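Student: Sequence:
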Amino acid sequence: MRINKFLLFLLFPAMLQAQSNASVHCTFKNHSGDTVTIIPSQYYIDEYEKNYTAVITNNQCEFTFPVQKPSTAKLRVGKQSVTLFMEPGDALQVNIEGDSLLKAISFSGKGAAHNQFLVSFLKNFEADFNKEKVSKEIISSDIDAYEMKLFEERKKQLAFYNSGIQKETFSDAFKKYLSNSIRYNYYARILSVPIIQANQSQQVMTVKALPAVMLEGIDAKPVNDEALIAESYRDFLYYYTVYFTSEANGFNKFKDTNLSVEKKVQTAMQHFSGESLDWCIAYLLNNDIAKVSQYTAKHIFNVLSLQDESGDYPKLLKNKVDERLAVKDVVVADAKNTDAAGSSDINYPKLMDINGKYFTLNDLKGKVVYIDFWASWCGPCMGEMPYSKKLHAMFDEKQLKGIEFLYISIDASEDAWRNAAKQLGLEGKLAISPGNWSAPIAKYFGILSIPRYMLMNRKGEIVDLNAKRPSSGEMIYNDIIKLLD
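5 is the number of the first residue of the sequence shown in this note's numbering; add one for each residue after it.
Treat the hints as calculated values from the structure; they're not laboratory data.
Predicted model only: the values in this text are computed from it and were never measured.
Just so it is clear, CB atoms sit at the ideal spot from N, CA and C, and this is done for glycine as well.
Do not rely on the hints blindly, as some may be mistaken.
[To be verified] The calculated DSBU-like cross-link candidates involving lysine-lysine, where the alpha carbons are at most 35 Å apart (straight line), are:
(1) K127 / K33
(2) K354 / K369
(3) K405 / K319
(4) K354 / K322
(5) K463 / K324
(6) K73 / K180
(7) K225 / K472
(8) K114 / K78
(9) K295 / K83
(10) K257 / K486
(11) K405 / K394
(12) K114 / K159
(13) K225 / K179
(14) K369 / K302
(15) K159 / K140
(16) K257 / K153
(17) K426 / K463
(18) K225 / K447
(19) K83 / K73
(20) K486 / K371
(21) K135 / K114
(22) K257 / K369
(23) K295 / K405
(24) K212 / K54
(25) K171 / K212
(26) K463 / K371
(27) K160 / K180
(28) K472 / K426
[What the hints assert, rightly or not] Distance ranges between label pairs, derived from CB positions:
(29) N256 / Q64: 53 to 61 Å
(30) K160 / T61: 38 to 46 Å
(31) K140 / A95: 33 to 41 Å
Work out the full structure, taking the sequences as your base and the hints as a guide.
Tutor: Set out below in structure tokens:
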């Protein structure tokens with residue numbers, strides 16, 4: 005029998021579409037009139053996921069939705085929910101015979117074996133993956149005893165997983181999903197202990213470092229994009245970022261929310277890549293956008309836009325970023341993290357001015373401060389200095405009274421700094437934090453390259469950790485003028 009090639013050509017798009025969809029048909033016992041919601045995971049940020057809702061009619065309802073690749077979906081009935089594993093083309097029959105969704109559910113149809121095993125796994129280990137229960141347990145736990153408990157839990161989870169894998173023929177995607185859920189749940193919870201415990205107290209200003217032995221097995225660049233469908237892996241990415249950002253800050257809590265979020269993004273970019281990095285930056289920005297300044301929100305959004313080649317996350321977050329940029333700046337110093345005396349001053353490293361007197365950025369409150377990080381050995385820094393003088397000349401005398409042009413050298417040699425500053429004839433406040441890349445101010449802000457520019461508002465808040473260069477002319481001039489208003 006010959007196949008009509010033209011007919012195949014016409015049918016191909018429909019065939020392709022069918023393969024990238026999945027369906028879920030639910031039957032219930034005495035639930036007519038109630039609503040059921042299914043939420044397929046696509047972006048892994050809850051507020052952006054599409055919800056499909058249906059009314060139970062004659063004790064049944066049905067959903068069809070796009071599934072481009074193996075992923076998960078939440079099936080929600082009333083206040084209860086259960087996680088489903090879905091692959092393109094799945095046609096899942098879900099039978100719910102009681103009030104307890106997790107205990108009274110069974111499956112048939114394509115994809116049934118995966119979900120029957122997943123539900124069995126969750127029945128046995130629900131408490132190990134329940135974030136609310138886990139957080140309460142962590143608050144009062146000793147880290148050594150808790151790690152031993154986690155080790156034993158993981159051992160039981162793996163034994164259950166291995167026994168099931170031997171009995172059933174599961175897809176490789178499902179095997180990876182469940183094994184990654186087990187693996188990363190263990191590491192996510194280990195990394196979360198010092199973070200959750202530190203966040204419980206406003207008085208505690210430090211985060212406890214984990215024993216080195218507990219960090220064994222965690223890669224320096226732990227990227228596994230295939231694991232992104234597992235919630236445990238996403239939790240791991242988040243706590244990895246927070247923990248190692250805290251480590252880079254000497255395990256001290258941040259008092260400046262802008263700096264905290266910027267440094268978390270820096271940590272993520274140093275350790276992650278691909279879809280894992282895209283998700284992490286988007287998640288951090290989405291969570292903290294209301295707490296950071298307009299400049300920080302815009303900067304991180306620009307970083308995300310450059311990083312995410314698909315463009316999915318920038319499209320999702322654009323409206324929220326635009327709303328943030330339309331609202332007056334908030335105070336970014338975190339009131340929860342003020343010191344015992346109640347001061348909101350940030351513990352910036354000391355700087356020495358050209359006259360040998362010491363000060364910190366806190367001493368410059370009341371003025372808009374344009375900060376220039378440079379060194380005598382930095383060619384690009386020298387190339388910006390003529391533009392810096394031109395920028396200075398763009399402001400009138402009245403405006404200049406409200407602006408401080410602060411030049412911070414990270415030269416190791418004080419003589420080299422003084423000689424270069426004299427030759428350049430800089431107009432502004434000259435300071436040094438010696439040590440090159442080990443300079444206290446460079447380590448504090450995580451500066452890895454110069455020249456680097458920042459903007460501080462009159463309240464003493466860093467509102468742009470990556471300000472425009474003097475050579476941008478009108479662009480940086482306008483940014484400074486806005487802060488003078």
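Student: Run the structure past the numbered hints and jot down the numbers of the failing ones, going up.
Tutor: 3, 4, 24, 25
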